[in-house]
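**Q** Taking the hints into account, I'd like the entire structure generated from these sequences.
Protein chains: 2
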Amino acid sequence: MNAEIICVGTELLLGDVVNTNASDIAQGLAHMGINVYHHEVVGDNPRRLRECLRDSLSRCDLVLLTGGLGPTYDDLTKETVAAHFGRGLAMDEESLHTIERYFARTGRKMTENNRKQAMMPEGCIILQNPNGTAPGCIIEGENGKTAVMMPGPPREMRPMFEGPVTDYLMRRAHDGMLVSRTINFFGVGESELEARLREMMVSSTNPTIAPYAKTSEVQLRVTARAATEEEGLRLIEPVVRKIVEIYPDQIYGFDFHTINEAVVKRYTDAGKTLAAAESCTGGLIASRLVDLPGASAMFGCGVVAYSNETKQKLLGVSAETLGRYGAVSRECALEMARGVRAASGADVAVSTTGLAGPDGGTDEKPVGLVYVAVVSDRFEEVRELHLARGRADDRENIRFRSSSHAFDLALRALRQL
Amino acid sequence: MNAEIICVGTELLLGDVVNTNASDIAQGLAHMGINVYHHEVVGDNPRRLRECLRDSLSRCDLVLLTGGLGPTYDDLTKETVAAHFGRGLAMDEESLHTIERYFARTGRKMTENNRKQAMMPEGCIILQNPNGTAPGCIIEGENGKTAVMMPGPPREMRPMFEGPVTDYLMRRAHDGMLVSRTINFFGVGESELEARLREMMVSSTNPTIAPYAKTSEVQLRVTARAATEEEGLRLIEPVVRKIVEIYPDQIYGFDFHTINEAVVKRYTDAGKTLAAAESCTGGLIASRLVDLPGASAMFGCGVVAYSNETKQKLLGVSAETLGRYGAVSRECALEMARGVRAASGADVAVSTTGLAGPDGGTDEKPVGLVYVAVVSDRFEEVRELHLARGRADDRENIRFRSSSHAFDLALRALRQL
Chain A
1 MNAEIICVGT
11 ELLLGDVVNT
21 NASDIAQGLA
31 HMGINVYHHE
41 VVGDNPRRLR
51 ECLRDSLSRC
61 DLVLLTGGLG
71 PTYDDLTKET
81 VAAHFGRGLA
91 MDEESLHTIE
101 RYFARTGRKM
111 TENNRKQAMM
121 PEGCIILQNP
131 NGTAPGCIIE
141 GENGKTAVMM
151 PGPPREMRPM
161 FEGPVTDYLM
171 RRAHDGMLVS
181 RTINFFGVGE
191 SELEARLREM
201 MVSSTNPTIA
211 PYAKTSEVQL
221 RVTARAATEE
231 EGLRLIEPVV
241 RKIVEIYPDQ
251 IYGFDFHTIN
261 EAVVKRYTDA
271 GKTLAAAESC
281 TGGLIASRLV
291 DLPGASAMFG
301 CGVVAYSNET
311 KQKLLGVSAE
321 TLGRYGAVSR
331 ECALEMARGV
341 RAASGADVAV
351 STTGLAGPDG
361 GTDEKPVGLV
371 YVAVVSDRFE
381 EVRELHLARG
391 RADDRENIRF
401 RSSSHAFDLA
411 LRALRQL
Chain B
1 MNAEIICVGT
11 ELLLGDVVNT
21 NASDIAQGLA
31 HMGINVYHHE
41 VVGDNPRRLR
51 ECLRDSLSRC
61 DLVLLTGGLG
71 PTYDDLTKET
81 VAAHFGRGLA
91 MDEESLHTIE
101 RYFARTGRKM
111 TENNRKQAMM
121 PEGCIILQNP
131 NGTAPGCIIE
141 GENGKTAVMM
151 PGPPREMRPM
161 FEGPVTDYLM
171 RRAHDGMLVS
181 RTINFFGVGE
191 SELEARLREM
201 MVSSTNPTIA
211 PYAKTSEVQL
221 RVTARAATEE
231 EGLRLIEPVV
241 RKIVEIYPDQ
251 IYGFDFHTIN
261 EAVVKRYTDA
271 GKTLAAAESC
281 TGGLIASRLV
291 DLPGASAMFG
301 CGVVAYSNET
311 KQKLLGVSAE
321 TLGRYGAVSR
331 ECALEMARGV
341 RAASGADVAV
351 STTGLAGPDG
361 GTDEKPVGLV
371 YVAVVSDRFE
381 EVRELHLARG
391 RADDRENIRF
401 RSSSHAFDLA
411 LRALRQL
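These protein sequences, in sequence, are chains A and B.
Number 174 in UniProt numbering belongs to position 174 of the first sequence; there are no gaps in the numbering.
Number 334 in UniProt numbering belongs to position 334 of the second sequence; there are no gaps in the numbering.
By construction, these hints were calculated from the structure, which means they are not laboratory data.
Think of the CB as a built atom: it goes at the ideal place given N, C-alpha and C, for glycine as much as any other residue.
Treat each hint with caution, since some may be false.
Take a look, some chain A residues computed to stay more than 12 Å from chain B by CB distance [what the hints assert, rightly or not]:
| no. | residue |
| --- | --- |
| 1 | 31 |
| 2 | 84 |
| 3 | 91 |
| 4 | 96 |
| 5 | 125 |
| 6 | 167 |
| 7 | 187 |
| 8 | 228 |
| 9 | 240 |
| 10 | 356 |
| 11 | 359 |
| 12 | 362 |
Quick list of in silico lysine to aspartate or glutamate cross-link-like pairs, DMTMM-like style, CA-CA up to 25 Å [said to hold, decoys possible]:
| no. | chain 1 | residue 1 | chain 2 | residue 2 |
| --- | --- | --- | --- | --- |
| 13 | B | 214 | A | 61 |
| 14 | B | 265 | B | 249 |
| 15 | B | 214 | A | 16 |
**A** The structure is reproduced here in structure tokens:
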């Protein structure tokens, strides 16, 4: 099955909003094994949408549209698409009730315009929208062509696409469903993974194995098409086991989005606490933990010791260490971690000190040199990192990757407790 | 002049990369007064690119393309576009030398493939790429149609678009140049700005006045088309002065990207230092400062006091305050700011304490309640904020907006020093 994506919205056309819907939908379709050959963006203009839709449906069988389902006069996606399929619009009572309930729940006033959102193409499949007022819908044409319409705001579009639309497409395209597991790696690059697992990735078609590189970490997503979830997991399991055997030390978990999420989950589950003393990461370790709900149970204390004075006063780093080895040193990193652990009483403490640049590097201590330390009762480790790549975004990258290394060390220390 | 944007790249089509190029280009064209009616994404496939280009150039006069200028066999944008205009490719010696110098500078090895990147369409205008190996180019067809080709990586595309491509298009479209100033607002919403300045925004065509809402702040960009920079600034100046008169208290600066940048710049210029004690923002204040090069001169100390224990031990918040008013209180916020100021010796200190949610709220202290304090020798202020909006991204939003309020208070305190 071939598909195209049409995103409708003047705010997209003018560039005021970045089109994350297209990439979210495209990724999802790729997982389902549905080919995508075009994305298009058009404004809230019925003539241009009509032309765009006509061209798309002449090239493919399935068009997914986002946007233009709102209550205002220029939201015309449903009208335009329905007309293409020779359908009229009719009031859908269930959608109307859902919209009324949504307004009652959020305490906002419903206007006459919002009734328009319950006018749906005749004979369509309606997709309820628990996160907003605009229902989506699917029109199946007599000619085997299908149009799926979803709302434009990503927080409404995404759950609708990942839920009912994915279920619908999997039934249509494969007479089944998608089941997937994510393997979380730290400390191994995407290209190394691809090289080592290439044969497995190419030969395995169900499940498929696809790498996703994020800043500082890599994921492998193993995705099976199956009639049931059990069957899917049965297909996935031996593949995952084999990969774990190949990388026993670089896999930090499964089905996490990022390594900070693993830290919050694992520490909370174990009832242990973590503290952080940050120089070059400057609050990023704390912030990446506190980003996540529930972090308060495992993270109570962080010190951003950007100056030497703070390193001494709040963390007890000795003047001798700073004088002899400098702030960017193995010794200073260790004393910072020990200092914040003592001040906070946490089970484990991590620290970072380094040169994020762009200025301040020397031949002996170049930009990109970072020390990351972890300490607990039974475990101490300092990692020396060289993270500069000579790029414009080095500063951001050095800080982010340093914080991820601190999380990796924090997970390793937790396993030793 | 009407334009379309075509982004070439299988990674875009599969959704592995979000298409920020299209929105960046679209915003720029909107500023120049060039209308855009379509964006398209196609993969690295010459047939589909050929069709897409043909359709686009039948509808408009100017097509901007990104991607497909790389060294590998599937990078075929130049070849495909040149063929559409009936042009061949020829080696451009200057581009070749630039590529050779780029490899020499970054210490990487140049391959035979990279020579292909210096093969340029006959009679084109070449756009040098100081940030990568792929030059861009412009083909002006005999029929008045124009194609602009730029590399795909945003950090290469953006400077090329904002520099030589914008200059070229301004000369073509307006026989002039674009000059703009940004007015930075904090504490006033986009809709309020639009309502109050609507008449001015609608009636002013040169310069144009356009609002941009960012998380927690708003910018107005005033953009003039003029023959010279002096003339542009002369057109802009009275408009800016008028807006400053209307909002004497909510404008924190000019031409900043975000309010944290203003804090680093202003404190550094004044030779003053700032410290932060963070509870609900959890390192975000520190992180948003340390994000910026040069922050070390004005920010030496931050404490992330997520637990009450840390608030007491590191910041000296009294047990009585915590017992009587609770951690989320005006009193606690003040003591936190005073505490970190005392510990660090900074000129000014800010603090945050609040409920970012999703859990932990009560009727008396609901999620979204945040206190932000600032203290200096001569100035103390606590702001009570109610930031919940009942949305899925509330936690992130509450934390981010709280940190922006801390920056706003830090700027106000600095003005009183």
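**Q** Hint by hint, which ones does this structure get wrong, listed from lowest number up?
**A** The structure breaks hints 1, 10, 11, 13; every other hint is satisfied.
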